[in-house]
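The hints should help you fit chains S and V onto chain H, whose structure is shown.
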Amino acid sequence: MPAYPSGVHLENTKVSSGNNADANSRNYIPNSAATSKNSNVPTKFCSHSMPKGSTFNETIPNGTIPKPSNLKLRNSNIDKPKSSPFNSFRTWSEKFGRQISNLHGKHWETALGMDSQQPAEVEVLSVDRYFDALEGPELDTLRASEEVLLPEDKIWPFLLRYPISSFSISLGISSQAIMWKTLATSTSTKFLHVSPDINLMLWCTSVALVAIVFCIYNLKVIFYFEAVRREYYHPIRINFFFAPWIALLFLVLGVPPSVTQNLHTCLWYILMTPIVCLEIKIYGQWMSGGQRRLSWVANPSNHLSVVGNFVGASLGASMGMKEGPVFFFAIGLAHYRVLFVTLYQRLPTNETLPKELHPVFFLFVAAPSVASMAWAKIQGSFDYGSRISSFIALFLYFSLAISLNFFRGFRFSLAWWAYTFPMTGAAIATIRYSNVVKNAITKTLTVFLCSVSTLTVGALLVTTIIHASVLRDLFPNDIAIAISERRIKSTPRWYHRRGGSSDMKDIEQYLKYRNPDDKDIDASLKPPSLTDQDASPCSR
Amino acid sequence: MPAYPSGVHLENTKVSSGNNADANSRNYIPNSAATSKNSNVPTKFCSHSMPKGSTFNETIPNGTIPKPSNLKLRNSNIDKPKSSPFNSFRTWSEKFGRQISNLHGKHWETALGMDSQQPAEVEVLSVDRYFDALEGPELDTLRASEEVLLPEDKIWPFLLRYPISSFSISLGISSQAIMWKTLATSTSTKFLHVSPDINLMLWCTSVALVAIVFCIYNLKVIFYFEAVRREYYHPIRINFFFAPWIALLFLVLGVPPSVTQNLHTCLWYILMTPIVCLEIKIYGQWMSGGQRRLSWVANPSNHLSVVGNFVGASLGASMGMKEGPVFFFAIGLAHYRVLFVTLYQRLPTNETLPKELHPVFFLFVAAPSVASMAWAKIQGSFDYGSRISSFIALFLYFSLAISLNFFRGFRFSLAWWAYTFPMTGAAIATIRYSNVVKNAITKTLTVFLCSVSTLTVGALLVTTIIHASVLRDLFPNDIAIAISERRIKSTPRWYHRRGGSSDMKDIEQYLKYRNPDDKDIDASLKPPSLTDQDASPCSR
Amino acid sequence: MPAYPSGVHLENTKVSSGNNADANSRNYIPNSAATSKNSNVPTKFCSHSMPKGSTFNETIPNGTIPKPSNLKLRNSNIDKPKSSPFNSFRTWSEKFGRQISNLHGKHWETALGMDSQQPAEVEVLSVDRYFDALEGPELDTLRASEEVLLPEDKIWPFLLRYPISSFSISLGISSQAIMWKTLATSTSTKFLHVSPDINLMLWCTSVALVAIVFCIYNLKVIFYFEAVRREYYHPIRINFFFAPWIALLFLVLGVPPSVTQNLHTCLWYILMTPIVCLEIKIYGQWMSGGQRRLSWVANPSNHLSVVGNFVGASLGASMGMKEGPVFFFAIGLAHYRVLFVTLYQRLPTNETLPKELHPVFFLFVAAPSVASMAWAKIQGSFDYGSRISSFIALFLYFSLAISLNFFRGFRFSLAWWAYTFPMTGAAIATIRYSNVVKNAITKTLTVFLCSVSTLTVGALLVTTIIHASVLRDLFPNDIAIAISERRIKSTPRWYHRRGGSSDMKDIEQYLKYRNPDDKDIDASLKPPSLTDQDASPCSR
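Chains as they are written, first to last, in UniProt numbering: chain H, 1 to 540; chain S, 1 to 540; chain V, 1 to 540.
Derived from the structure by calculation, the hints contain no laboratory data. Possibly wrong hints are sitting among the right ones.
Which copy is meant is left open, because identical chains are indistinguishable; a pair holds if it fits in one copy or across any two.
To be verified - As a list, the in silico DSS-like pairs of lysine-lysine whose alpha-carbon atoms are at most 30 Å apart:
| hint | residue 1 | residue 2 |
| --- | --- | --- |
| 1 | Lys438 | Lys322 |
| 2 | Lys154 | Lys443 |
| 3 | Lys190 | Lys154 |
| 4 | Lys190 | Lys443 |
| 5 | Lys443 | Lys281 |
If we strip away everything but chain H, and leave its shape as in the complex, we get:
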């Protein structure tokens, strides 16, 4: 052995890795994305085949020993089932846990399982992690390569499964209340003889619904603050934090004439305050160019962040205010233009939306239809500005209605409710328009759009009730908030990030092609003792 320079070992290491390479290259038929993705990440195979890891150690391929930290993490999940894994999201236990941990040292930490490793990292769950770990139009499905902090096979506590997007139901119902109020009071729809009682009934339902949803979510804020915070940093969910306030604005806009005619402007100021605060936060993130820059997080659900402005402007103007509504209209307009262009461009960095089109696109219709009504209220008449706005909404509506393949990729989720209020918005804008331009076409359009919107909300309501009572899966485990902070394997960070980006995919493909070679590096990093044995045949 001493007669051979160290290089020989390496060369022979290459030999064995060469075989690996060969085997790997035979696997190279790109039969499915999932399989081919894994081809150069051997340890991932284990994480797939035995996610719960009981017989973990027997199946580890030669030479790919998982990092101890990962093992510990898994084992801590398995070995200590008595300590609840949900503690890490619990507001009080965590706080108390840490305080007591400071008193009692490491014993408590061990009792809590991996909880003791959390605090420092929880702070820095970056937007990258969300994009890395999740997929789907609402970023709520776990990628195959990732694992979650909480047990996937159990049903989590109700509050942990209760997402901020639950407010979408209120959006859907309360916008219907406004529509039926408009139908009952508009001159152009007199011929329909709509009773104001429908508005009253829907409004009362909405009030009850909003109250319930608010209460439950407040409980989540109190008991699982970490979960709320993770929703807040989620690049899609953050937009749904506008939903509660928009729902309240809808309630005020849809208040039946029989309940009250005059509302105090104070209410408007109270409702607009959280919207302004959220906007300063979110628009600031867009602009500042950090991880949450617009060119990365752009998604149709961003529309929710401008819709609030227009609804607020509409309400303010109908309360008789002058400057406040224009202020919100101005901010909304400026950011809507930015958003519209960005979303229409479909920058190469925005790849989240899948090919099968999705109701998420209907949010495109929301902003212009609400803007049209807001401007009509501010200006006092349905002028060219309002018309241009509502025509854009109508065009987008029909364009989507024609091109959407509704029955593909239909997977119900609560977020669908957010996609119904744009339909209702377009219907209301059309009623307003038909008040100005009265002819058969506008009347037909009004009736058609109102019917479609009511039918959609009705269908969704039935679906929701079925999911809630029969299927009992209305609130599935909310994977999106339970992703781990670190990825399991040290694959290059960008490997998954923009899975849909074709440039990246191509590089990925290139990497796969280069894959056999990567073994060389792995081999060269092996301790000499291992390679010496392989090298021995050559030394004879």
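For chains S and V alone, kept in the frame of chain H given last:
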């Protein structure tokens, strides 16, 4: 031999490939893009040096045996010259061919040459392929590395060479008819004493021209539907599908007062229908984020897709309609803003336009000048909105006129005609403007712009006639529709895609640098029998 | 030896490089960006540890011999201290130097040091080089890996250190003059009893300041034209070339009523001419898609290029003109929209701005507040257009004021002055607004914004005077104009270009990971004689 482990073979394979690598690295002087691109694609050399492939087999470098399918493809071109290669684009033969092929089995397919391989793939000619295979501002020049399906050395059937951009001629002439009509009827240009007969003459010419162009293109639709479909999926050509309808709108707008004063609004609805359909299709593609997303296909010729809206709005308003024109104006405005921002940004993904500026940029002038006229018609006066629009058009006009290097990269094509109507549009907008602001400057500007526009159209007409009758190259082989579905060599797909993208170029350069190493993989994939022979000297 | 095929040499070369790879991979702990970046660029270490290079040759690692040209460059800096290195930027010496050089041959060139190498390359200092070599929000800090042409340890001639951004001081002071003029003349601020003398005093100061700054910069143009040209091609500095003309427009707008009431419109035409010329140049560069395309050079300082339009429109309209102001307003509006969207999107290609937010963002406030005033002047009343504009400005103002962390990354530079005039602009717009909407809120807002703006300018004035007289570092060496044309090491060009781009960083990381392998290539390029020696143990 059995004394040596399999690894030794591999190692020696590396030896021979190492020589290749060495040779390759000596070639690495980046003397020209074309040469250096080929440095790691050895088989490409053969495709260049002998595109028709007669002595193909003798010159294949060791170890790089082309795939049988490619060989067959080439040979099928060569060995069976009697069966027309144009059949694959022919509407009837293809349909019949396939039917009969189903009856008679493989014999018919063989008789048709490569045709039998087509049908399945033709369906999925992706936008990537167009970008991969073509270059130039109109994506109509074949990249050096690609091959076409149809014989390049023959002149193809006339209909196959007749592109959709032929309608551009009608755009140029019929917009002149409108300009001379405006000159004859405007108060500000009374001092020029323009005869309305010029309008009449130009209009009659345009009608004849449009009729001829329409007839011929309809023949193409009937006889070579596959060619039309490929033009339709071509990311630049698709925009020219608006040209026929814009030309018809121009005809109606430019109709001489002596012919008719009143047109039925029915005409407007008929003409706007195809425009709406095309728009729903194209804007949907932009937004949905597939391959034809706006951030990829953005190109000045996209302006054609918004110009139709403004021309339609203009015509509708001059017919006395109210809502329809505003509807089209609104859609046009919304998408024009998206387009303007996107084109001005010059996203890193849009690299198609070459450095030497090109008349294609003049389309930037078209939309604002037409929008200015449309808004003036809708609003009833040349107000601030119209002025802002027309001033933007004028600024872009002069900015381009100053910075364009007209006499560089001058390569005439039919598409140039599309770039003349923006000039005419700006001239007409200026006449309208000079009706409102009457002074020496506006009059001078009007006369100047009208002269430039007429002179340009005249010069182009002469050039076109020369090309048509003397040079006989007005309709060269339309390479853009005859690209093959697959690239010849299995280079990474993104290797060429954005040839101009510097990031990609750098990666490309990196890949070239890494190139010698790639041989290792190739080598490691070789069957052992081959490598054993190479390894023999070492075994002694 | 002849018994072994050439491949054996290669294989053994791999052996020794394998060791290198091993050593390298041990360094791979990514402790800091700077260190890890260097891990695959060994020669960079030397350029860090001994930038002045006296004991340069002793520390070169094995096998990485710097290119002779670089060595010469450094030595020429060291060995010939008598010939001034600043000659290369001197207008006359260079011209004369070259003429005489043509007469006397190479002797003169040698006497001038590296100067003889300059002329050809100076022409092509590309925008890439600026991004490669510089960092910071104003691209004025040298990257660690770069070297400058001029001696960093000496204080350069004053004119070379005097940047175009010095005009920012005039912007700050002259906008204050306008604000105090508006305060003194507005009806809504009558209750403050502001004396018009403050305006007079500030205006006179501004005039003096502008005159001085103009004179000095003109001297720079005359004596160091190369330095001016490098500022002109600098992607951030170019925007400051608008500052002189905006400062002059501010002076004319702020002229005290006691000095003159009527200004000749001729003045307006004179002042707008350079602005139009610069705009045609810059907007043309954005659009044409070359290196200075908008998606690359987008930076808040671009706002300076649209502010000029609005200020010009404002002045023109207040002089009683009609069409000219609308023309400039239209151009400004069109390009402002493009800019606003682009800057808000924060494209992945724009990474220049650091995380710690910077006053540079305040330029976002400038354009809408100036646009608001311009439109009010054009329209004759503070209508919805003006309000929308000024509300956008106010929202951005407060949004930035809340989110900016003013006391982080505070590094004073002259450019800061440019970031004060937006505050003043917003204050003036608010005064105008309070003339229309008179209530306690608008009055409070007016007083607050005016105070903040004056205090900021005052604080900045004091800071500037301290830096000028006490610290004597108001004009540090202007590194930005003295970067070398070529990078020192032949790292891939895109390695640094978008240092912040995470995609690129990831690829970078990938490259680092691949790094050990790169040695193979290096090794394979080595002359056989070297590898033969290594191979000898194997041959026994």
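Status of each hint after checking the structure:
In the homo-oligomer, the alpha carbons of Lys438 and Lys322 lie at most 30 Å apart both inside one protomer (29 Å) and across protomers (13 Å), since each shortest distance falls under that limit. In this assembly of identical chains, Lys154 and Lys443 lie within 30 Å of each other by CA distance neither inside one copy nor across copies; the values are 52 Å within and 60 Å between. In this assembly of identical chains, Lys190 and Lys154 lie within 30 Å of each other by CA distance neither inside one copy nor across copies; the values are 54 Å within and 71 Å between. Taking the shortest alpha-carbon separations for Lys190 and Lys443, only the intra-copy value of 11 Å comes in at or below 30 Å, while the best inter-copy value is 47 Å.
For the identical chains of this complex, Lys443 and Lys281 are inter-copy neighbours only, at 27 Å across copies versus 42 Å inside a copy, given an alpha-carbon limit of 30 Å.
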